[in-house]
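Student: Chain by chain, the residues:
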Amino acid sequence: MRARIAALSVLVFAATACGDDATATGGAPTTSAGVEEATSSSTPAGVVRLLTHDSFLVSEAVLDEFTAATGFEVEILAAGDAGLVLNQAILTAGNPFADVIFGVDNTFLSRALDNDVLVPYESPGLADVPAELQLDPEFRATPIDYGDVCLNYDKEAFDALAPPGTLLDLVAPAYAGKLVVENPATSSPGLAFLLATIATFPEDADYTWRDYWADLRNNDVLVTDGWETAYYGAFSGGSGTGDRPIVVSYASSPPAEIINAEEPLEEAPTAVVSEGCFRQIEFAGILRGAANPEGAALLIDFMLSERFQEDIPLNMYMYPANAKADLPAEFLENTSVPRSPLTIDPATIDANREAWLDEWTTIVVR
Amino acid sequence: MDDNSGAVRRFSWAIAALAAIPLAFLAMFFIWPVASIIFTSLSPGGRFDFTSLREVLTNADLLGVAWFTLWQAAASTVLTLIVALPGAYVFARYDFPGKRFLRAAATVPFVLPTVVVGTAFLALVGSNGLLGVDLDGTIWAILAAHVFFNYAVVLRTVGGLWSHLDPALEEAARSLGASRWRAFTGVTLPLLRPAIAAAASIVFLFTFTSFGVVLILGGPGLATLEVEIYRQAKQLLDLPTAAVLAIIQMIGVTAILTAYSRYQERSAVEQGLRPAAEVATRPRTRGQRALVAGVLASMALLLGGPIAVLVERSLHGEAGYGFGFYRDLGEGTRTGAQIADPIKAISNSASFAVVATGIALLVGLCAAAVIARRRGRLSRWFDALLMLPLGTSAVTIGFGFLVALDAPIDLRASWILIPLAHALVAVPFVVRSVVPVMRSVRQRLREAAAVLGAPPHRVWREIDLPIVARATAVGAGFAFAVSLGEFGATSLVARPQTSQTLPLAIYRFLGQPGAFNFGRAMAMSVILMIVTAISIFLIERFRTPGLGTF
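So the protein lines, in turn, are chains V and D.
For the first sequence, our numbering assigns the number 98 to the initial residue and increments by one for each residue that follows.
For the second sequence, our numbering assigns the number 3 to the initial residue and increments by one for each residue that follows.
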């Protein structure tokens, strides 16, 4: 009871203090229907539990603002990679140990929806989110951020030779032995890149993705287990210690090289090939059976607020879903959001994932 | 139990009571969770579905994975024994400056995160490697890494017993005309067999469930069951297949373990153990000195090489050498988000390790006392059951906690799961370190004490405890190190971000782009090494007079 009163008074204070500028302080929750539910409900729970993957990172100050505005503390529960986290949600469907899940991406989305893990919630914040990011018409999964898995190259290595412009360039003899990719069977950027090749060289074309990968293999592509080994171990650009000048990474990696440089850099040592990028969209949702659905709804509203959204690029290296959120300067100067990123419908991905991965393994590994 | 006196019958009751603690622990935190997750995965609609079982058993690729898992583990075990036994001998028989420190330091590789070691190995034996050979993607890289990780298991387990063997036995054989080799194979080796078998069983289990090493160094072409289970769970979200593979993994482990304990029982020899201090001498002859030097040099290359790469990388910034990465470990991102809190990570890791070691000692010592005294099939199964968690995939244990531990108290998001998962893996180390020594304690001493009217707990306290105290310290050191380094299960249990451990912090830095974060991951790894070496060193210092008492 005391927690509720405290929450209420903080809310009243926040509402009056923020006054007309509610959006600037991430005040979306104060205008949402969820708040009234939270304050009128009889649940005394003061904690919202957020189940997420290991890469989730948000500033303490941002979460404090959520607590100040709603009275709910956020407890972050990290539980491995995105796929493992979704499995945990599926295994505990209906009897979850958290209220909100974050980090289900479009390659796994239909699995989450088919397993009835999430309940619908239409956040008012969706008004500022572009339609192409909103993949669930029933509002069970709310898009929070997105990123593009793109080829990155080491600028220094491409003086005489031009950097690749398309995926097809990579099978040319000039690029032999230069590419490192992640194994799609163990890595999510690896899977995204495989999907990019499937979208570019579809099944019904003369030259299919199977032909493409056979050619990549003949051109001495290196396959590593995951992003860390590919980028830090095999890639030659930026913070990489290897000798391969082209790597599958993210559109945000060049800005990250500047932001996380040891010594300040004038410009990024790496650059992005803006053709052949695959779009990853990360979603949040309220878990069915959540102990604190009111807090969960408020948290999703907050995650779409500009305050939270503008915290995303510098911590998770993804782009905010909210179109009104500003990007850091490094993101504007050193990379570009690909104009026409590739996508494949989540249901198609889910239906074919296993077969595609098996075929890929046969073509590239055996 | 070879005779039927009343004292012996009283023993049986004591043994049953002792067995209850480990059994309850395993039932609650291993059997129930693992059974739950396997049943849940294989019966999606509440009814058992055999399709995945059939699919796996007819899939040549998956069967190939099972076969590879088995033979690479066998090869790794043999190779580790060959490489590490001379080390165990030198550490048992000779005194040299810095010995205690080196023994603690040799344990460091054991706790290092595989991703970090993997990149260090690639720097040495990958393409453009410093050593000039490219082993990347080959079985040789995997075997070398397995020796690197498990050297300490042999050094400590076998060395522990070897340092108490009475050299007079071998000397007697020599004076009767046996060659050095004959004296070793005819006298010393049979006496060491229990410890060698114990070490081999642990190395086998560790490499049987090898994950990061195979994932990183094996390339996409080589996979163990552990890697395949992870792949099925993470990328394919195919839990039924993962569950079938987990069953195959556990059946394989159980078969090996029961064969092992049958052997172990037969090979145990009661013998008079000697205090270590009486046994070890300074190397005197030129040959002895050469042997000690040779072993230390090979350790420096094999264990020191990858470690040196890590240390160098943690110190080498763009502006030259310095402690910048260490100083800035706790620095937040520009918006103030903290990737890791080094002090908190150290204190979390240490606290979890204390709790996990405490649990592992309680469970492991009770279990060891039972196994050492009971013979027969029941005891063999009990022993195998205790070892089984070491041979069970992290995914199975992590997901098992999730589906089983929601009632009566919902532990699914509690920090306590972390030390519990660590303890499951640590118990076998306590058992394996202690049982060979306990078995070697002369039964006659115990019987004499019992006949003289000492109640069982007093026999245990005054005969067994002092003798096993040294072995217990070895086991405790292992348990502590296992906990400090554990990553797989830790990362899979849903844990509050505030309970970040050192390995989790390292992975956190590695998952973030940029040279600054890579350097900080290396610095964090070096801190983990230092924390480990210090802990082992302290635990080993804590010794009771032990064997000096008889």
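Hint data in this document are derived by calculation from the structure and do not stem from the laboratory.
Backbone N, C-alpha and C fix where the C-beta goes; we use that ideal spot for every residue, glycine too.
Treat each hint with caution, since some may be false.
Stated by the list, open to error - Label-pair distances were calculated between CB atoms; the ranges are:
1) V:Asp-317 x D:Leu-303: 47 to 55 Å
2) V:Asp-317 x D:Ile-418: 46 to 54 Å
3) V:Arg-314 x D:Gly-360: 47 to 55 Å
4) D:Asp-330 x V:Asp-301: 29 to 37 Å
5) V:Val-462 x D:Phe-50: 42 to 50 Å
6) D:Phe-50 x V:Ala-228: 29 to 37 Å
7) V:Glu-456 x D:Ala-295: 52 to 60 Å
8) V:Arg-463 x D:Ile-23: 27 to 35 Å
9) V:Glu-456 x D:Leu-65: 51 to 59 Å
Unchecked claim - Examples of chain D residues toward chain V, derived with CB under 7 Å:
10) Thr-121
11) Leu-124
12) Arg-268
13) His-318
14) Gly-322
15) Gly-324
16) Asp-330
17) Leu-404
18) Gln-499
19) Leu-512
20) Pro-515
Student: Let me make sure I understand: some of the numbered hints might not hold for this structure. Which ones are they, in numerical order?
Tutor: 1, 4, 5, 6, 8, 9, 12, 13, 14, 15, 16
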